[in-house]
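Protein chains: 4
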Amino acid sequence: MDFSQSAKAQELSARLDRFMCEEVEPVEANWHRALAEADNPWVVLPEVHALKQKARKAHLWNLFLPDETLGQGLSNLDYAPMAERMGRSLIAPELFNCNAPDTGNMEVLYHYGSEEQKAQWLAPLLAGEIRSAFCMTEPDVASSDATNMEATACLDGDEIVLNGRKWWSTGVGHPDCRVLIFMGLSDPEADRHRRHSMVLVPMDTPGVKVERMLKTMGQFDAPYGHGEVSFTDVRLPTSAVIAGVGRGFEIAQGRLGPGRIHHCMRLIGLAERALSLALARATSRQAFGRRLADLGGNQERLADARIAIEQARLLVLKAAWSLDHRGVKASMSEIAQIKVAVPNMALSVIDMAMQLHGGAGLSDDFPLSMAWTAARALRLADGPDEVHRQLIAKLEIKHHLADQ
Amino acid sequence: MDFSQSAKAQELSARLDRFMCEEVEPVEANWHRALAEADNPWVVLPEVHALKQKARKAHLWNLFLPDETLGQGLSNLDYAPMAERMGRSLIAPELFNCNAPDTGNMEVLYHYGSEEQKAQWLAPLLAGEIRSAFCMTEPDVASSDATNMEATACLDGDEIVLNGRKWWSTGVGHPDCRVLIFMGLSDPEADRHRRHSMVLVPMDTPGVKVERMLKTMGQFDAPYGHGEVSFTDVRLPTSAVIAGVGRGFEIAQGRLGPGRIHHCMRLIGLAERALSLALARATSRQAFGRRLADLGGNQERLADARIAIEQARLLVLKAAWSLDHRGVKASMSEIAQIKVAVPNMALSVIDMAMQLHGGAGLSDDFPLSMAWTAARALRLADGPDEVHRQLIAKLEIKHHLADQ
Amino acid sequence: MDFSQSAKAQELSARLDRFMCEEVEPVEANWHRALAEADNPWVVLPEVHALKQKARKAHLWNLFLPDETLGQGLSNLDYAPMAERMGRSLIAPELFNCNAPDTGNMEVLYHYGSEEQKAQWLAPLLAGEIRSAFCMTEPDVASSDATNMEATACLDGDEIVLNGRKWWSTGVGHPDCRVLIFMGLSDPEADRHRRHSMVLVPMDTPGVKVERMLKTMGQFDAPYGHGEVSFTDVRLPTSAVIAGVGRGFEIAQGRLGPGRIHHCMRLIGLAERALSLALARATSRQAFGRRLADLGGNQERLADARIAIEQARLLVLKAAWSLDHRGVKASMSEIAQIKVAVPNMALSVIDMAMQLHGGAGLSDDFPLSMAWTAARALRLADGPDEVHRQLIAKLEIKHHLADQ
Amino acid sequence: MDFSQSAKAQELSARLDRFMCEEVEPVEANWHRALAEADNPWVVLPEVHALKQKARKAHLWNLFLPDETLGQGLSNLDYAPMAERMGRSLIAPELFNCNAPDTGNMEVLYHYGSEEQKAQWLAPLLAGEIRSAFCMTEPDVASSDATNMEATACLDGDEIVLNGRKWWSTGVGHPDCRVLIFMGLSDPEADRHRRHSMVLVPMDTPGVKVERMLKTMGQFDAPYGHGEVSFTDVRLPTSAVIAGVGRGFEIAQGRLGPGRIHHCMRLIGLAERALSLALARATSRQAFGRRLADLGGNQERLADARIAIEQARLLVLKAAWSLDHRGVKASMSEIAQIKVAVPNMALSVIDMAMQLHGGAGLSDDFPLSMAWTAARALRLADGPDEVHRQLIAKLEIKHHLADQ
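Protein sequences appear in the order of chains A, B, C and D. Residue 129 is where the first sequence starts when you use the numbering used here, and the numbers rise one by one after that. Residue 129 is where the second sequence starts when you use the numbering used here, and the numbers rise one by one after that. Residue 129 is where the third sequence starts when you use the numbering used here, and the numbers rise one by one after that. Residue 129 is where the fourth sequence starts when you use the numbering used here, and the numbers rise one by one after that.
Treat the hints loosely; a few may be bogus.
Since the list gives no way to pick one copy over another, a pair counts as held whenever it fits inside one copy or between any two copies.
[What the hints assert, rightly or not] With a straight-line Cα cutoff of 20 Å, these simulated SDA-like cross-link-like pairs (lysine to any residue) come out:
#, residue 1, residue 2
1, K343, M498
2, K180, E151
3, K343, A164
4, K343, R161
Just so you know, these hints were derived from the structure itself, not from any lab.
Work out the full structure, taking the sequences as your base and the hints as a guide.
If you want it as structure tokens, here you go:
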């Protein structure tokens, strides 16, 4: 189990690091401030646009995509430290065209899209010209159980007709969002894993309506945002179906492996950022005549944060390695493990950092409250902890019984 | 140790419960929505105004104040279940003129104010006509150590001159906020507990400036809000000083005992609310063919929540009983204990409820995210957990050594 | 909810405290040492015998029994602080004839025994002349589910015939153990709660065999001990059945309420003892130039222990109050709550104390390792945590649904 | 960072695994039983002796020692999975001459011993003919702070004179224990890290007395055991000093790196064993009509155990890799991290397994209680968690400040 990056990946990582230090970190706080103070935060800041161009020119672009031509030909293991590096900032991933849910959507199109679909949607997504959303979760049912899904995608002659209501459709608030990937039930009588379809839906299709933007822990997360979207008799040609009717579940499974690793890797970066802020505060503030670092259990908590981050990072690297060498199916336990371990680890590190900052830690003066919210959401997004734990246990039990 | 309420308190509690059920709970969600959608949320909704009148007429008013005439003559133990009942809602306490920081400020004026101060400020506060804020914490120092305080309140002839910067001044955003209680350093050479003064500052005094409103975990908490306030050569007659120069520390100590109990009691109510929402969700949603309540560890978590709430409530009742029977000074450990135990308990119960709700739990569709933020802030407000733990330990050690 | 003790109970508590301070605590460590070094530790030390006589003469005897004549007429609430006081020592309860499982067995006989059974067994038990054991748990099935029970108690004419294997029969190793209460299946066809019977079995009945004594975490817990006992065609007259065939389950339920409260109260005492030892160590040892109490997070841990003990004690008092005022059936959640909360609290406090003691904390030089083992066993004895949590949750859900 | 084993190590690992499966695991429970029932458990069972010979012939011997000739030339990373494999059993390490404290002592002699010392002590230790102990910790002071050490090793002409009292001298009860390594203060005036000396002390030297054997959580851990040893005017030629007077601290530091990794790796194995037992129990027992595995939160706990073990193993591998590639000094944080993380992880996994086993889990019928005790001791042995956390934090702070 070799966790080393390829030489190419090391070189890209070094350049990414420089880019982050020189271009992103000095201006990042300003962006947050600008958005917070904007009358309309659902915009792309001009600086963001400029930096995207710069990153693209520097080939720090589509790093997530394993393809040699369209991406940089990196493995998951190669990419992991870069995702971590970007993840130290909440705004950076977009600069490198590496942000969710577009990465997952691009992978879906890359692996399953028709030539026509690729030309129409994958190309502008890879170019960072448009953005996309993914419409899977529904407000009225427990979506952790996919068989609960109520939205429909029904064939009607050479059209597919969509109905239903989705929410937590991330990115739907972005001014450049042009296309949604919708998942719905096509045939309730089919085999359990052949019932659903995925359909590409241009945002301006009649019957598509963003009902509202949802707050997460009080935050809109603009300019990306999470929307509730209704679909009422939305009609599209069957050429909008990805890979054919009934393949939705299969595509969803494939989509989630790398997606979860990216999420987790970014959270490692966020946790490192929080620890770094905690160290800065602990060594610069005084109370009762001593540095905060020298009071009570603060050092023990800093140590626990270091231990927790190290363990989580290694587990993510192992999952990435497994995905690269053994494929998604053989890595299901590993992926579920990081999906449980990493957000919980990040929450505890970030919470510790917030506490060390006092009231400031909860305010917008530091990125900690936003980081906490991002990590908290990931205990639910892509499935709640509990569902992943069940999967891990089922696989443990299966292997145990097989070993006997 | 008798935790029973007096007959009068039981009767008031029953009426309060009815008022909450009939008047508050049916409309509460609408208020939150109205404020969330308002262009300017820094307003008093007309419905709130009307309900305040109704509560006042029903003598469900100033329940927190032990005075027989100005309040209802209730002990802390009597009042505790009422504070819990109000605390199930984030908006209710104001309806009964029982919300922080006004309650603490009224107590300060009640115990330490001059007749003139009482006439000018206490009377309209008790009438619910104006609101107030408390300016203690400072942005540039670790305020958990009071000796760090940098703001000054200096005598200059028959005037007192205030300078400095405060933040987390709760309530300062409210349109009816008319007066601040400011704490500053008057004499750095005096005995450690005689250095500070508290001063009543009308909001419109020249030199007082609300620099900005602060978000807590992304929320402004309008129409109350938490402000950063600068004081630049603010000049007031010495009659604005409460109880005389140098008594600030003493007043602050007295203020915090009941205040912390009220906070904690309200949090018990909030935790009960969260558990109740969790039970509703767990018994009404299905996944994998079963109620959520019947999946995995959900029942164990519901049980742990019940155990945690019961223990915390009893600890708060004990602290209230101790405050009533033994006074603030002899109850310092008890008060510190609840200040540590209750917010952490509430956070864990609320977080469990959020998780059971899936994405909805983080949204504004349920009061859980707001409740979490309120509880999180109370791990810092009135002193961080860590400082309270130190106090508890110091008292344990002191008693242990005395027993030997 | 009044947690005050009656005047009589206060007076008894004061005398008990004195007895513990003067008679027990000075010699207790010697007893442990004597037993540890004995070739045969399954003996009653002469000093123990003498102190029992002394306690009995002082009327510090059978304090657990509510009966005015046979016991001291104390309520559960009255008795709770005394059980706590005794619980600070692992050896004290027997001195006052207040140790498990004899207390539970005496209560069974008191409430359900025939006059003949009382004369034969209750009288010498109350006199502290003999000891008893309770045979319920079985090695081959998950005994947390009573319906799993495989041992049988079958009527055969005017005899009852016992067969099966029991373990964790506490007290069976004691040289004075003369009688067992055996629970077995009499009629698998009967109503779910009418299937089992309880039978009084003299130790020397043919067919009764102590197969072995079991270690708990490496300790035999001599001279009490926990045995594995086989019953092979053990024949007894039906007069040995308690309260009639088929009433075993009912008796077991009634037995467990007070029994669990006693266990929990004693554990509170044990946790207080551990905290007291921790404070002694923390204030007397030095490392890195400071008292242990002043290093790292030690004070925070001492504070957390205080908070945890206070909460647990109050919860036990509430359960005792509920049992006194509302009966066992209405107190089932409360009893389950303490059964979960208290052993876990005690374990965490004791573990903290062990850690503060370094290697000594794990050794026999301090009673901490024994205390830990006692507390650990109580996460399983009388039902594992998990089963109690399920019960609490079921009652919460029931009440929630009833409230709607 | 490549965690792969060398080809040679893989081959040895496979053979070790076979040896464990075929020779050790079938008989292991019998050994424990034989020792538990022995009048004198301080013996080497003949079967153990025979298996040691067999292991030695199979070159599964001294695997821990990096030397190509004396050991097998394995790196720490190579050896880690073998230590884990041995660690699944509490008795196995000795069979391969890989048990503490002999491994550490052999490393000390290998790196620092004179030719004479090597001939006299290292040779028979490597041959498994004798055993040794390490005398560092003292009963009267907090030994986590090495400067507290009170025992002395004073030069007197060409002799060194030892005085003092040590405890937790592991292995001193073994019948083959022939030599102790004693650490004492030689020159209190010397530079802080040059004050102590290490001395080789034959067990039969006049003045050496094993005062008593210590129990750990009630267990003697025979036939190894932990002793309290007094040294009274023990006189030895200066040739008994290792590497010269004043080098004790330096040697101790070097000794601890690999030692801690071995301990941690064995604990990973023990935790895996516990999880495996938990899975067996959860899938074979029924309660309430379902497998234990299908009740309440049991699957979630099994999943958490898997996650925790994986993370801990990866962290140990990283520490081993760091030790191999960067040396002890540069790996101090990594070694401290595993020393904190692994025993705590193991305790939580083993405790979960005990709970799933019911009473049996605490008994000697399963190796869980012994495993728990072994893991608990390792939160203190080689320094308590708290001291390691301080070190980690200090290094974090140092690096943080250096980065600015």
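Comparing the hints with the structure gives:
1. K343 with M498: both (12 Å within a copy, 11 Å between copies)
2. K180 with E151: within (11 Å within a copy, 54 Å between copies)
3. K343 with A164: This pair counts as both: shortest intra-copy Cα distance 14 Å, inter-copy 10 Å.
4. K343 with R161: Close inside one copy (18 Å) and across copies (12 Å); limit 20 Å.
This entry satisfies every hint, going by the numbered hints stated previously.
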